[in-house]
Each structure stands twice: as C-alpha cells, then as structure tokens.
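A.B. asks: Now for the letters of each chain:
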Amino acid sequence: MSEINNHEFLNDDFQFAHERGEKLIDKTYKASSYWKDVWGNFSKNKGALIGAVIILIIIFFALVGPSMNPHTYKSIQHGHECLVPRIPGLEKIGIAKGYFKGNDQYAAKGVKDVYYWFGTDTQGRDIFTRVWAGTRVSLVIAFAAVVVDICIGMVYGLVSGFIGGRVDLYLQRFAEILNGIPTLVVVTLLGLVLKPGISSIVFSLVLTGWIGMERIARAQVLKVKEQEYILASTTLGASKFRLIFKEVLPNIFGQVIITSMFSIPSAIFLEAYLSFLGLGVPAPLASLGSLVSDGYKSMTTYPHILLIPVVVLGILMLCFNLFADGLRDAFDPKMLNK
Amino acid sequence: MKKYIMKRVLISIATLLVIILVLFLLMDLMPGTPFNDEKLTEAQLALLYKKYGLDKPLIVRFLLYLKNMLTGDLGVSYAINKNFAISDMIKGRLGISIAVGAMAMIFGTIMGLLLGILAALNHNSWIDNLCSVISVIGVSVPSYVCALLLCYYVAYKMKLLPILYNQTMPFRSLILPALALSVSPTANIARFTRSEMIDVLNSDYILLAQSKGIKDYKMIIRHALRNTLIPIITVMGPLLVNLLTGSSVIERIFGIPGIGLLMISGIQQNDYNVTIACSFIYSVMYIAVMLVVDILYGVIDPRIRVSKEG
Amino acid sequence: MKKLFSLIMVLLLLVGCSGGNGGNGGGGSDATVRTVTVQAPTPIISMDHHIATDGTSFIAQTMIISGLMELDANGNPLPDMAESYEMSDDGLVYTFKIRDDANWSNGDPVTANDFVYGWNRLVDPDTASDYSWILETACVESYEAVDDKTFKVTLGAPTGFFLALTAFPSFFPMNQKFVEEKGDQYSLTPNDLLFNGPYVMTSWTSGYSFEFELNPNYWNAAEYAEKYAEKVVFREITDTQTALMEYESGNLDNVTLSGEQVDANKDVAGFINKLTGYMYYLSINMGNNVHERDGAANLANANVRQAILYAIDRDEIARVLNDGSVAANGIIPIGLASNPSTGKDFRDDAGAVVAYDVDKAKEYYAAAVAELGHDVTFELLYGTDEGDSIIKAAEQIQYYLEQVGFTVNLNGKPKKERLDLAGNANDHDYDVMLTRWGPDYGDPQTYMDLFVSTNSSNNDGGYNSADYDALVADAEGGAGATDADVRWKDFLAAEVQLVKTDAAVVPVFQAGGAMIINPAVTGIEFHSAAVDSYRHIQVNR
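Chains as they are written, first to last, in my numbering: chain F, 1 to 338; chain G, 1 to 310; chain S, 1 to 541.
Keep in mind the hints are simulated off the structure, nothing from the lab. None of these values were measured; they are calculated from a predicted model. Quick reminder that beta carbons are idealized off the backbone N, C-alpha and C, glycines included. Worth double-checking, as some hints may not be accurate.
[As the list claims (entries may be wrong)] In the EDC-like style, the derived pairs of lysine to aspartate or glutamate whose C-alpha atoms are separated by at most 20 Å in a straight line are:
no.	chain 1	residue 1	chain 2	residue 2
1	G	K159	S	E248
2	S	K177	S	D108
3	F	K195	S	E248
4	F	K297	S	E525
[Claimed, not checked] Now the in silico label distances, taken between C-beta atoms and shown as ranges:
no.	chain 1	residue 1	chain 2	residue 2	range
5	S	Q185	G	F171	30 to 38 Å
6	S	R541	F	Q77	27 to 35 Å
7	G	T168	S	D124	39 to 47 Å
8	F	S75	G	V18	22 to 30 Å
9	F	V311	S	R541	42 to 50 Å
10	G	K56	F	T234	23 to 31 Å
11	G	N122	F	E228	40 to 48 Å
12	S	G438	G	F171	39 to 47 Å
13	S	A264	G	R226	52 to 60 Å
14	G	T168	S	T407	52 to 60 Å
[Claimed, not checked] Some chain G residues judged to face chain S by a derived CB distance under 7 Å, without partners named:
no.	residue
15	G32
16	L47
17	G53
18	R61
19	L149
20	Y156
21	L164
22	R252
23	G255
24	Q268
25	N270
26	Y297
My request is simple: use the sequences and hints to build the entire structure.
C.D. replies: Given below as structure tokens:
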C-alpha cells in the first residue's frame, strides 16, 4: 500500500488507447434465450449426459423388461428356487455361468437348458422380470417424491422463510407438529382409509415426505434474502411473488435439486415399509425397496437375490445425481455467466 | 435475544401439548386393540378395557394422562411388558439409543465434512467424482445391508468386534451399529457440504480473501466453513433426532435393547401408552433440536439474528 | 473445531486400544462350564402366569415355578409338586398329595392352599386372565384343600388331558401372602417373584436377556446340582442371520433358522426340525357377509370351496417354506393327541382328509362357474408381520388358486388389523383368511370347538352345520363324555365333515421350526401341544 501512496504519476504513464494501433471490436454474442443457455450448459456436461442416457435405458427396461421373457412377476416355477444368474453367451466367457459355490446349480436341479438372466428368488420367480417390474413401481415413487418435495416442501419453505414474521412462526409450528409425530404412526393409520397401491404411497409422501425439503429451502432463503440484490429488487418495486420465484428461487435451486434427489431412496424404502403395513404395492407385485428388504433375508445364503436390486437402485441413484448435478449447474445463474 | 429464546421455548411447549393431543386422537383411531389375540373372547376384552380405564371417554383419558405425566408417570404397558411402568421400560433403553445415535452422528459428521470438503476443493476432478459416488451409494444402500456386511466381515470373519450388543462391553459392541447407522448421515452431510462449499468458494468474499493471500486451509476454516455450516446444521438437526430416537432395524440386527424397537412394537401391538411415550420422546427431541438449530442460525450468521429481532 | 478434533482422536484411540483383545469367549465364557446360552424366540411379556399368553413367558415361568405335575420329554406328566395322586375309578376325582419338602424360596412350604389361591385368582374377573376359561375347558367343577398337603379336584366329566394340563402355567400355585404383599409390583422384576421350581430368575432385561440359576430350595435340588445346567441364559435375538453368526462363533447354544438358511445348514451337527402345534389354515367366510362382499358371496357355494380345497399343493408349499413346516393333512396337527385305546396319533388314525388334485379342482371350479354364472374373484387376507413364511405361503396359495381359474387378490395387513377385520368388531370383513391356531391342550377339542356354530368368538367364517355341531356335542357332552373311544371317533368324523365334506376350512401347513442345537447340550424339549421345556438341560462340554 505504502508504495502506491508514494508513487507520483508521470506524463508517460498513460497513453490514449486509440494510439496503440489496436482494433477494438466489441465481441457480439448471439442473443440466446435462458432455456437455450440452460441446454447449452447441460449438454456440455458429460456426466449429466451419461446419467440421462442411463436413466433412459433403465426406463426402457422398466417398460419392456418384464415382458422380455415368458415369466411374469408372479409366476412361480417349482423346483427352480434360488438359482444364480445364468446368461447365454456370457456363460461361455465365465461370467454368469449358473455356478454357486463351485457347483453347477442348474445341472443340480436338472434344468440344464434353462436360463434365468438374473437368477430366481426363494420361491422360484424370475428376478429379471421382478426387478424391472419393481423398477417401474419405484420410478413412479421417485417421480412422486420429487414432485412432492418441489411442489409442497420447496414452496412451503420459500414462503415461510421469505415472508418471515408471524407467517413463518405459524407455518413452522404446523410443520413441527406434523413432523413431531413419528411417520410410522401416521402411515399406520393411513392403512385404515386407503386402499393399498401407488396412490396410498403418494399420499403418505404428501403427508410426511416434504418436511426435510421445507427445512432446507427455508434455511437457504434465510441465507440469501438479506443479500443486496434482493434489496435492489425490492426497492425497484418487485412484488413478493416475483422476489420469491424469480430472485430467490434460482439462487437456491442447486440445494433444492440435490435434496430432492436424496429424498428418492428414502421414498423408495418407505414404500417397502408401507407394503409391510399393507399399504404399499400389494404382493406379489414388487418394488425395488421390497426386493431389497426381501433379499436381505437371504443375504448370507444367496446374496444375488439382494445384490441385483441393490445394484439397479444404486445405478439409478447415481444417474439421478449426475443428472441433477448437471441440472443444477445448468440452472445456476452464477454458472451461466461463466 | 433472551426474550426471543423465552418466547420460542414457550411456543415449543404449546406445540408439544398439541402433539400429545393429536397422538391421543390417532391412538383412538388405530385399528384393533392392545389385547388382540386369537384367543380372547368379547367378554374378556370388555373386562380388560375396564381394568385399564380404556372405556373412559378420550378427553378424560387425555387429562388423566397429562396429570400423571407431570408426576413422571407415563402409564403401564398393555401388551409388550404387561403392567410394567413405561418410565422404567424407557429409562434403560433411551440411554443406549442415545449412545448409539450420538456415536453415529459423530462418525457421520466427521466423515461427511471431510468427504464434502475434499470434494469441493477438488471440484470436477476424480476425487470429487469418487466422493460423489461414495455418498450416492451411502444413501441408496439401506443401513441394514451395511450393518450385516459389517457384522459378517468385521465381527464374524475378522473377529475384531463383538457381533451382537453386549452389556458387559457396551462401547465396543456399539461401534458396528454406530458405523452402520452413520452411513446415511455421512452421505447426506458430504453432499451438502460439497455443494455449499462450491457455492461459497465461488463467492466474491472468498476471492477477495484469496487475493489477499490467505492460506488455503485457513481460508476454508475461517471463511468458507462458517458460511457452509448454516444449511448443514439444517440437515443435521432432523438426522440427529432420527439417530437418537433409535433405529429399529439396526437394533434388531445387533440385538440392542433400544427405544426404536420398543416404539415399533408399540405401534404394531397397539400398546397405546408405549407408542405415545416413545412418540412423545421423539417429539421433545425434535422440537428441542429445531429450537437449538434456529438459535444457532443466529449465532453463526449475525445477519439472521438482526432480521429476526427486527 | 479443535475440541471436536481432539474428541475424534480420543475416540479413535479408544477403538484402537480395545481392538487388540478382540474375539469372543465360547458359550461357556462364564466361570462355570455348565452355563447354557440359548436364543429366546421372543421377549417375555409377563412373568405373572395368569397374565402371560405367549410361549416365551410360559417357558420362563416353567423354569421357576412347579405345578402339580411336570412333563417329560414326550409330554407325559410326571409328579412334581405332587408326590403322588389318586384318581377315582370314574375318573372324576383327583386327590394330589403334595410333597413335604416342597418349599417356596422364602421358606414357606408349598401347600394345597397355594393351589386354591392360584386357581381362584385365575378365574377372578379382576385378574382379567386371558386363560380364565381353561378350568372350565378341563371340566374342573370344584377344588379344595383337604388339608395343608392334600389337594382335591373334582371334574364334571373324565378329562384325559387334565393331568398333563396341571403342568401348564395357568394351573401353577401361588403364595397368597407374597403376592398380596407385592400387589401391583408382583412379578415385575426377579425380586418380585417367588420360586418353587428348579431354577430362580436372577436377571431380566427386556429386549436383551433373562437368566436363571439353580434353586437350592427345590425339592429335587440335589439331582439338579449334579446333572442339570447350573445357569441358563436366554438371549433375545430376532435377526436370524446375526443369530446364526453368533451361534457359529460359539456364543450361543442353539439358533432358530429361517427357511433361507436351512439348505446350507441341514447337514450341520445338531440340526433338527421340530414341529410346533401351530396349524395354518384358510378360514373361509361363508356365512358372515354383513358387508355384502362379492368374494364372500361366492364362497357360500360348496363347489367354490371344494375347488380351493383341492387346488393347493401342500407338499410343494412346505418344501418352498423350507423352515421345517410340513403339509397339513387335516385341521388337527401331528402330535396333538393320541388314540385312547391304541395310542396312535390322531393324524395317523385320520389319514389325509385333504388332497392335491388339479383336475378335480378344475372340475369343481367349472361346476361353480356354471352355477354362479361368472368367474370367481376373492381376496386373501394374511398377516404381514407374522413371519416370512406366511407371506410366502400366501403368494404360493395365490399361485395355486390362479392355476385353477380363480382370481385372487392378496390383502396383507399387520396381525392386529387382520384379526380386527375378521373378528366381530368389524363384522367379519373378509373373504378368505390365512390364519392359525395353536393348541392350548393336547386334545382335538381345542380345534373342534372353534368351528361350532355357537362359538361366536372364533368361528369367523360363520360355518353352520348341524351335522358337525351334533358330532362335537356328542363327543364332549353326549356319549363321548363317558366313552373315550366314542369321543375319539366323533372327532375323527367331525374333522371329515368340517374339512372334506364342507370344505369350511382349508388346512395348509403345520408350522415347523428348523433349529441347530449345540451337540454338547441336550434336554431342550419341544411339545407341540404344551409349553416347550428348558428345565431339563444337560451340558457335556
């Protein structure tokens, strides 16, 4: 600092720009819409694209998979219980040969020319069919969980946090009461009024699934609402609605997306618990959650029954997260300017 | 600030009263009775109802319950441990659940923060990707699967720790359950820390601090972490409550006499008093933690305090 | 931050230090080699033998309290508190002579009055015992203390199973002075219990364990000190997979296996398949249709029910369950009761009254469709929290029924809700329910009474058959009351009427329990129609 203070300007310290002989041309960017920018950013993100493609592949299997072989999710083959995966073609190179602990399980059961791509469960049902049928159910639940998170949780948190004061107080107490009662007590009671199935799952999510998101959205709002750009917008006469959804929302969207992605597995596992209460999808239809909790029982004996749904769920989650990361970066206004 | 806290505490107590009332209403709606058994006849059932005062109107039962609660009497169990005072049943179990939960929270917070910071500092590198994969796996693999894996390899194969909970060595036998429980908080906290940290690291004041020549680690701790903490505390609150009030699955796997299993059996067997007592503990913890979180906001971020008091 | 860091370091150090001396001692890690650690199937619900209703509580009670009789390994009564007994020629009056050296652990002698007090308390409405009806079922008309050591019981009809029933906890004696002194506190902790059995309860932590040690005041203490386990620890473990690891690590002396674990362990030393008395059957709602359910309306059709009866391959279901369960051949389980003359088991005498025959089932189904004019759809209600086997069985039953042409929708509900739906509280709001019944005593009557038209508590399906009612009435109050053979034949005929002729209930399987017991431990006795016994355990380590 002191060096600058002592410095005296000399005549040749500055020169006119046009005398430098440079041609200064304003770089003109093509006008592009917000959505085009979002897409541009998103498509540049390799991870997000891979995620999107794999999600599409999984959706494809969820739609087509259950009818790719003659089995149905509830058809039982007596005598074919607990078979490990065996895939034609791959078995020649030593993968998925149908060997369990060194023995050819298929030969032992006398079913040499039968192939179960993902094996069978303890009742002799084709896991391939059941996993994809289950994925179908779980995808619907995942979608519902995200919608509930965004439509109820995020909006509730935004309003509560931004308006503050008395409104915040009441909204927060209501959420506290709702969350202060353990979810299990609430959903157990739902069993009385609802018929088992997807709609009852969605309804339990609507009742209890959004509170985590609400807390996070509110906290984020509290963080940004004192920032200068909000003040600027307010002084310019922006309405509350505009402030919340146009100014605050884009700046907290990153966290919101991440949170909603993380609420997917808990929703999927909530469904498994709901089926236990007689509220989830009725047996013998499965979901990824119920396949995992079923598979757990044979984890130390026939691990493939657990492993396959866990892997499918893991890949699905990984891709959802890659995709969400891409979305977050694409939507983030700060990223757009870079 | 003092006035604000006082006001919040009073409101919280009122909220708790409402919750107890709602719980009573819900219990009344529950299907079946605590005495449901293939072998009971109608007349016996009526007798049991009378014996436990369940034939009285809801509001009378509610007021009686409140009155008894003030003297520390939470009623007796109808089904799980017949005629046991619930306060006695809960005493031993709560301590164990809190111990496991607190251990899990400590593991989870440490690992989560480390993973998150590591990922943020190496944004878009392979380290970042690895941390992301770890945390995604952490939320998609249920805790019971992790628990059994830990049990099998660490306890059964390597014999490093006991398989089941053991009263004679509580700390050692609670390490595995705590680890299994910490997987999900680790993942959650890691994801949050990463994403907050990236935001903060890109903000102007950090750039300023950097250009002033502050060393990296100092900058992270003094400037970035503090601003990252607010939203993380928001996630940590509910996670903590869930951990402290026990996880029935983990308790079942490790044979831990905790409060999570008690609550599940209470719900399943319609043991009203047990369910209400366990839910009440849950509610108290939840509301207390939320209160602390709200107050902490003010401590960590002075701007929020200003706006709240204003 | 610094504090947090040091906390972590301390924790890590603790873990590191204690990690070294890992490994766990064997089952006999306690000082004595005659300690046995067994898996408690479920928690104890109450130690008060008039309040408890579940197997584990009864097991614990038989450890510490002795009745007039106890059971041997085969379920036959042996004298315990009673030194001897006399039965009058008509089988109606039993006079028990109580041992002179039978004492409670507080020093009081066990007297006939303790039995009188205990039995009075059992039927006292204030006790609200779930088993208050059992004296009546055993046809007990009166009982009295002739003197301090003589207890006389008069029956209304000769009851073959009465003697064995005196080994059941409901019939145990109670020390009036002690019980009244403890009041509400009685039986809540080991200190609030009085013992006259071979063991005393030394600790009880709900959800964790309960422990017993030899009772020096037991009349047969000398033999126990010499032969039987000195300490029996029951450890509550619900998860079958960690329980098996614990067994294999040598910390447990027995372990119950799930169906999934049986294949890998059936050749292990000590593997057994015990049969329990629980009979799982389909209760068909054929007469109670207040709710005007479509399914229940169809089930009144005899051909529909016959189709269900023949459609189910019970052997395959038992094989898939793989947990030791066996196919049911009738509503009376194996090992419940034996022929009073020949000693043959009821099941052997009755043979199979059900069969699997797809073609026959399809014929019946076709006939039913012709009569009703439409295909048959109904709901199968089952319990979701009653074990994996039940869920599997429900799925298997659905599969078999759909092979014949039925459309079956599964309706899984938690047990309390299932019972609530099917019971009177909801006017029997169900079509078909997979349910179970465990015998209270070793006689077919415990099952047959369920389905008589006058039994409003248990006959959920509303079965109403004059023939069946007449057979059961004849067995219990008519000719059968005095002639055991007639009674036996009546029950045989009643089962055929109920299951084969009317297909009012469809037996599916008798539950089993696959288990590994450490070969060094003997004397855990399983009774399908009575309480399992852990009071004769011997250790040979």
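A.B. asks: Does each hint fit the structure? Answer for all of them.
C.D. replies: Checked hints:
1. K159/G with E248/S: holds (12 Å)
2. K177/S with D108/S: holds (10 Å)
3. K195/F with E248/S: violated (44 Å)
4. K297/F with E525/S: violated (28 Å)
5. Q185/S with F171/G: 30 to 38 Å: Given about 33 Å between the Cβ atoms, the range holds.
6. R541/S with Q77/F: 27 to 35 Å: violated (46 Å)
7. T168/G with D124/S: 39 to 47 Å: holds (42 Å)
8. S75/F with V18/G: 22 to 30 Å: violated (51 Å)
9. V311/F with R541/S: 42 to 50 Å: At roughly 45 Å between Cβ atoms, R541/S and V311/F fall inside 42 to 50 Å, so the hint holds.
10. K56/G with T234/F: 23 to 31 Å: This hint is violated: roughly 56 Å between Cβ atoms.
11. N122/G with E228/F: 40 to 48 Å: Between N122/G and E228/F, where Cβ atoms are some 31 Å apart, the hint is violated.
12. G438/S with F171/G: 39 to 47 Å: Distance hint for G438/S, F171/G holds at roughly 41 Å.
13. A264/S with R226/G: 52 to 60 Å: At roughly 54 Å between Cβ atoms, R226/G and A264/S fall inside 52 to 60 Å, so the hint holds.
14. T168/G with T407/S: 52 to 60 Å: Holds, at about 56 Å.
15. G32: holds (4 Å)
16. L47: It holds, given that the least Cβ distance between L47/G and chain S is near 5 Å, below 7 Å.
17. G53: violated (13 Å)
18. R61: Since the shortest Cβ distance to chain S is 18 Å, the answer is violated.
19. L149: violated (11 Å)
20. Y156: holds (4 Å)
21. L164: holds (6 Å)
22. R252: holds (5 Å)
23. G255: Cβ of G255/G sits 5 Å from chain S, so the hint holds.
24. Q268: holds (6 Å)
25. N270: holds (5 Å)
26. Y297: violated (19 Å)
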